[in-house]
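Colleague: Residue numbers (the UniProt record's numbering), protein chains in the order written: chain A, 1 to 213; chain B, 1 to 213.
FYI, nobody ran anything at the bench for these hints, they're computed from the structure. For clarity, every value in this text was computed on a predicted model and none was experimentally measured. Cβ coordinates follow ideal geometry from the N, Cα and C atoms, glycine included. Among these hints, one or two may not hold up.
With the C-beta cut set under 7 angstroms, the calculated list includes, among others, these residues of chain B facing chain A [what the hints assert, rightly or not]:
(1) His141
(2) Ile142
(3) Val179
(4) Pro196
(5) Met201
(6) Gly208
So these bits of chain B aren't anywhere near chain A, every CB distance computed over 12 angstroms [what the hints assert, rightly or not]:
(7) Ala70
(8) Arg116
(9) Ala119
(10) Leu169
(11) Lys207
Here are some chain B residues the structure puts well away from chain A; computed CB gaps all over 10 angstroms [said to hold, decoys possible]:
(12) Arg26
(13) Ile40
(14) Ser67
(15) Lys68
(16) Leu79
(17) Gly97
(18) Arg111
(19) Pro121
(20) Cys173
(21) Thr185
(22) Tyr190
(23) Ala193
Below, each chain spelled out in residue letters.
Protein chains: 2
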Amino acid sequence: MTSAAVPMTPLPETDIVPEESGPTTRCRILETAEAAFREIGYQKTTVADIARSLRMSPANVYRFFESKKAIHEAVIQRLMGETEQSVALAVENAGAGAADRIGAVIRALHRTCAERCEANPRMQEMVAAAVSESWDVCAQHIERVAIVFETLVREGVATGEFNVDDPKLAAACLHTAVVRYCHPTLVSQYPDAGIPPLEAMIAFLLKGLRGVP
Amino acid sequence: MTSAAVPMTPLPETDIVPEESGPTTRCRILETAEAAFREIGYQKTTVADIARSLRMSPANVYRFFESKKAIHEAVIQRLMGETEQSVALAVENAGAGAADRIGAVIRALHRTCAERCEANPRMQEMVAAAVSESWDVCAQHIERVAIVFETLVREGVATGEFNVDDPKLAAACLHTAVVRYCHPTLVSQYPDAGIPPLEAMIAFLLKGLRGVP
Chain A
1 MTSAAVPMTP LPETDIVPEE SGPTTRCRIL ETAEAAFREI GYQKTTVADI ARSLRMSPAN
61 VYRFFESKKA IHEAVIQRLM GETEQSVALA VENAGAGAAD RIGAVIRALH RTCAERCEAN
121 PRMQEMVAAA VSESWDVCAQ HIERVAIVFE TLVREGVATG EFNVDDPKLA AACLHTAVVR
181 YCHPTLVSQY PDAGIPPLEA MIAFLLKGLR GVP
Chain B
1 MTSAAVPMTP LPETDIVPEE SGPTTRCRIL ETAEAAFREI GYQKTTVADI ARSLRMSPAN
61 VYRFFESKKA IHEAVIQRLM GETEQSVALA VENAGAGAAD RIGAVIRALH RTCAERCEAN
121 PRMQEMVAAA VSESWDVCAQ HIERVAIVFE TLVREGVATG EFNVDDPKLA AACLHTAVVR
181 YCHPTLVSQY PDAGIPPLEA MIAFLLKGLR GVP
């Protein structure tokens, strides 16, 4: 493509588009930030870079987000929200049984994580920043997924499908036991060799839920 | 302490001690390297730093290890060897039952990991380097621990304590399910909030091994 050979000319100040406002601008900032984090990495991206891509002044970006950290938090919240939607859809589309639904949730968590890491090799950098700078945002996402697991375990106990004394604790164990398949760091940075296929792990965990306490 | 106020004078060339050889030197290099990785971090430590601390020429260090990577691999192999010794000791000291032994192994893996991360806040840097540069060394350690789990699951199947179709696969599930408690990155970088107590997880997993398939 010949256009790739033409260096981008920096925009003169006068070319900056008039400042905008409203939810559309907020979305455009997030989309641009997400693309920048994916292409040049979270650490190297500055608010000025994001503003430049949008032909906007940095001051206008700061009208919507008070810091790069705030932009990052909104980006990861959006990604986590997508994961939670996949989980909700998986529950909806699975069979009526709690075991089937739990399997579907674990598969959805793994699939969204794996697809995202493959599409974004710099995902790990965003995750590390989220864990160290914005743990609360991560914790809220983990908690929302935990509630889905807990609801399904309770369902299974109610129907007699599962045999557990403490559904909340069993759900937490289930959730924690699949971290190897659903955590971006482990999924993207570690070879799969040695870990059991996801279906074997699901079967193993469901057996624990069904077994006599 | 007044001595802390006196800056270390770099040793003049003539003060370098005569070159040594033999297993003792190898050990001293590893001890010094481990301390440097702990104190200034793996990335910032150079072979020259290690040699200087030992009052040795870098060339002498290279007689024992061909690169910093080779030193690092030997250091992590030693740490992993210590973990494997703790695991072996846990099996020896636990009760005769396979379930008791499996619990003891998981506790030993968690304890060595947690203690090491606490003693060395830069552990994560060494782990990241090991995963990306020396995966084979990590894989060999994981495989050795996997064999312990498999042996114990087979024992439990033989005595009728466990009810599993495929002991090797069940052992791999067990091993993978405890990664949250035994992986330096997760143990050192993530808050414990939300994860079940280790004893609850052990009980949950043992229930899966005992349950009717």
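Colleague: Determine for every hint whether it applies to the structure shown.
Modeller: Status of the hints after comparison with the structure:
no. : hint   : in the structure
1   : His141 : 11 angstroms, violated
2   : Ile142 : 6 angstroms, holds
3   : Val179 : 5 angstroms, holds
4   : Pro196 : 4 angstroms, holds
5   : Met201 : 5 angstroms, holds
6   : Gly208 : 3 angstroms, holds
7   : Ala70  : 21 angstroms, holds
8   : Arg116 : 19 angstroms, holds
9   : Ala119 : 20 angstroms, holds
10  : Leu169 : 5 angstroms, violated
11  : Lys207 : 5 angstroms, violated
12  : Arg26  : 30 angstroms, holds
13  : Ile40  : 20 angstroms, holds
14  : Ser67  : 22 angstroms, holds
15  : Lys68  : 21 angstroms, holds
16  : Leu79  : 18 angstroms, holds
17  : Gly97  : 17 angstroms, holds
18  : Arg111 : 18 angstroms, holds
19  : Pro121 : 13 angstroms, holds
20  : Cys173 : 4 angstroms, violated
21  : Thr185 : 6 angstroms, violated
22  : Tyr190 : 7 angstroms, violated
23  : Ala193 : 7 angstroms, violated
The earlier numbered hints that this structure contradicts are 1, 10, 11, 20, 21, 22, 23.
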